[in-house]
Amino acid sequence: MAQDDHSGADLAVADSSHAAHEPAVSPGTAIVASDGFQNPGFPPHRPRVTDEDPKREKRASRTVYTLFYLSIVGSVWAVAAYMLFPIESNDVGAVRLNNMFIGLGATLALLGLGFGIVHWGKSIMADVELADERHPIGGSPETQAAAVKVFTDADRESGFTRRSVIRNSLIGALIAFPLPAVVLFRGFAPQDQLPVELLSHTMWAKGTRLTLDPSGVPIKAADITIGSAFHVIPEGLAELEHGRLEEKAKAAVLLMRLEPSELNQAPDRESWSYDGIVAYSKICTHVGCPVALYEQHTHHLLCPCHQSQFDVANHCEVIFGPAKRPLPQLPIAVDDEGYLIAQSDFNEPVGPSFWERS
Amino acid sequence: MNRSKRRTGRRHPLATVALLALGLVFTGGAYAALSTGTAQAEAEPTSQATIEEGKKLFQANCATCHGLEAQGTANGPSLIGVGAAAVDFQVGTGRMPMQMQGPQAQQKPPQFEDEQVKQLAYYVASLGPGPDIPADHLVNGGGDAANGAELFRINCAMCHNVAGAGGALTEGKFAPPLTDVSGVHIYEAMVTGPQNMPVFNDLNISPEDKRDVITYLKYVQDNRSPGGFELGSLGPVAEGLFIWIFGLGAIVAITVWITAKSN
Chain H
1 MAQDDHSGAD LAVADSSHAA HEPAVSPGTA IVASDGFQNP GFPPHRPRVT
51 DEDPKREKRA SRTVYTLFYL SIVGSVWAVA AYMLFPIESN DVGAVRLNNM
101 FIGLGATLAL LGLGFGIVHW GKSIMADVEL ADERHPIGGS PETQAAAVKV
151 FTDADRESGF TRRSVIRNSL IGALIAFPLP AVVLFRGFAP QDQLPVELLS
201 HTMWAKGTRL TLDPSGVPIK AADITIGSAF HVIPEGLAEL EHGRLEEKAK
251 AAVLLMRLEP SELNQAPDRE SWSYDGIVAY SKICTHVGCP VALYEQHTHH
301 LLCPCHQSQF DVANHCEVIF GPAKRPLPQL PIAVDDEGYL IAQSDFNEPV
351 GPSFWERS
Chain C
1001 MNRSKRRTGR RHPLATVALL ALGLVFTGGA YAALSTGTAQ AEAEPTSQAT
1051 IEEGKKLFQA NCATCHGLEA QGTANGPSLI GVGAAAVDFQ VGTGRMPMQM
1101 QGPQAQQKPP QFEDEQVKQL AYYVASLGPG PDIPADHLVN GGGDAANGAE
1151 LFRINCAMCH NVAGAGGALT EGKFAPPLTD VSGVHIYEAM VTGPQNMPVF
1201 NDLNISPEDK RDVITYLKYV QDNRSPGGFE LGSLGPVAEG LFIWIFGLGA
1251 IVAITVWITA KSN
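So the sequence lines, in the order shown, correspond to chains H and C.
FYI, in this note's numbering the residues of the first sequence are 1 to 358.
FYI, in this note's numbering the residues of the second sequence are 1001 to 1263.
Careful: at least some of the hints might be erroneous.
Here are the simulated distance ranges between beta carbons [as the list claims (entries may be wrong)]:
#, chain 1, residue 1, chain 2, residue 2, range
1, C, Ala1049, H, Val334, 53 to 61 Å
2, H, Glu246, C, Ala1238, 26 to 34 Å
3, C, Gly1249, H, Ala189, 26 to 34 Å
4, C, Gly1102, H, Val79, 53 to 61 Å
5, C, Ala1238, H, Val73, 42 to 50 Å
6, H, Leu111, C, Gly1102, 30 to 38 Å
7, C, Asn1075, H, His201, 45 to 53 Å
Since the hints were derived computationally from the structure, they do not count as laboratory data.
From the three backbone atoms N, C-alpha and C, an ideal C-beta is built for every residue, glycine too.
Based on the sequences and whatever the hints tell you, model everything.
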């Protein structure tokens, strides 16, 4: 039978020596542990039913080739399923049947192969106990010396240590080589625009009307009844041709109306709301998920990603979860026609922290 | 004296009466034409008998918490001005009468017949103006499912899950699944904002848009998921749990079988 170079020889050594293994030092100069590990050798060989009963062996071999035939059936079925259940355009149901039946065929093919091979190995192939000893990790002293000699010879012949200018300039070149790839990452940022500027400002500006997401219809203060939550985008975002999603990802706002008596506002921010109507950035300050799970009676805003909770009645301060900063508030006012407008952009960058955020 | 001129200048004595009658007929006719558009099936909203029946039901079943005149107590809010839609939703889905005070009223089998629910609703509606029970053409699912899906993703999906399977909120509250809710109740919930759900009034989501949202939810209810087993449509939590238990379980079982000694 097939064996690798070591197993048989090592096994023979282990078997013959374990009983006669005695310490090679005289008593008194070393401590011999009385409970030291003894090689127990192999457990007694237990023949399998397939070794003893030819009927059982026949049955096992039948099982194995049946599994292989099943595998062939699975492969053929997968090919047939590809033709029998074509993916028609505009029919998602066809995708389901196509995927399911090809998948079932491929599963049968692979499982039939795998189970067949393992069953063959376990119940029919020769059953002999073997110990496959580990190779020694270190090489022989001669191999080690030869390896060291290769290195010292190479160093002497190339002058790697002696010619330090050449060596150091090589190291410098190797360090400089990957730098262009790192610098090229800047190309992922928008052209001609500073990423820090982009992260710090949104589409909101003085006088921008608050409009409904997705229609872009402007909102009047009188439209918002108490307990309402409006999903808001800045005026003009719905018509943007380029970068609409990028702008929306920064400028999305949730507009809510509370009983004015339930709002606890800081004196310097009282002018940021209008008769109980408040507008807050929808972008979580933790990692930027949209926070919009608003509870109208508890005034809690819940972020669905990591369960940060913000208290709308108290300037969206964090009351639970991993977020560290309150949601930025959009200062709002009402124009001559009764429409809600922004007083300015957000007074701080929205969303999660970044390196240059002050 | 120019009698003939006076006669032509004067109207007939009965002209005022005729004009009044004409005006009344027009107003009445217009009112009748408009009100038939939103008329309800069984209980007549305007009938005094309906309101009287509703008042009796209210005082026997709801007054403990909401007060004898629905003015509210320490245990329950005032119902003046909540409208028929709020009552039809809360009582019609079995949330009211409430079993006990808790984070949120639980849904249970409705405690009243449909007609009794309507009587209660119109009694409460008679106390102050509020949203009415929606007309049938707004809730039968005959709108634009694609537009409804977009509105649902923007306004509803963060709490109710994109497939309407529901989800958790803070401190024991939750957004219930919408997979088995009637169109009328979905509409009423949007208009009235029950429990902690925000209000979505007609200026935020117009009645036609609400119809589209209901159409989308009906579409999701009626069409099986193209991806096979939904596992409750709960997303990565349910799918992760499934694959960790059954996928890894199968791998562990196969590993044990491969390494076990054959008998």
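Checked hints:
1. Separated by about 46 Å at the C-beta atoms, Ala1049 (chain C) and Val334 (chain H) break the suggested range of 53 to 61 Å.
2. Between Glu246 (chain H) and Ala1238 (chain C) the C-beta distance comes to about 32 Å, which sits within the given range of 26 to 34 Å.
3. In this structure the supplied range 26 to 34 Å is violated for Gly1249 (chain C) paired with Ala189 (chain H), their Cβ-Cβ distance being about 46 Å.
4. The hinted window of 53 to 61 Å between Gly1102 (chain C) and Val79 (chain H) holds, with their beta carbons roughly 58 Å apart.
5. In this structure the supplied range 42 to 50 Å is violated for Ala1238 (chain C) paired with Val73 (chain H), their Cβ-Cβ distance being about 33 Å.
6. A hinted range of 30 to 38 Å is violated for the C-beta pair Leu111 (chain H) and Gly1102 (chain C), which are about 50 Å apart.
7. Between Asn1075 (chain C) and His201 (chain H) the CB atoms are about 50 Å apart, so this pair conforms to the stated range of 45 to 53 Å.
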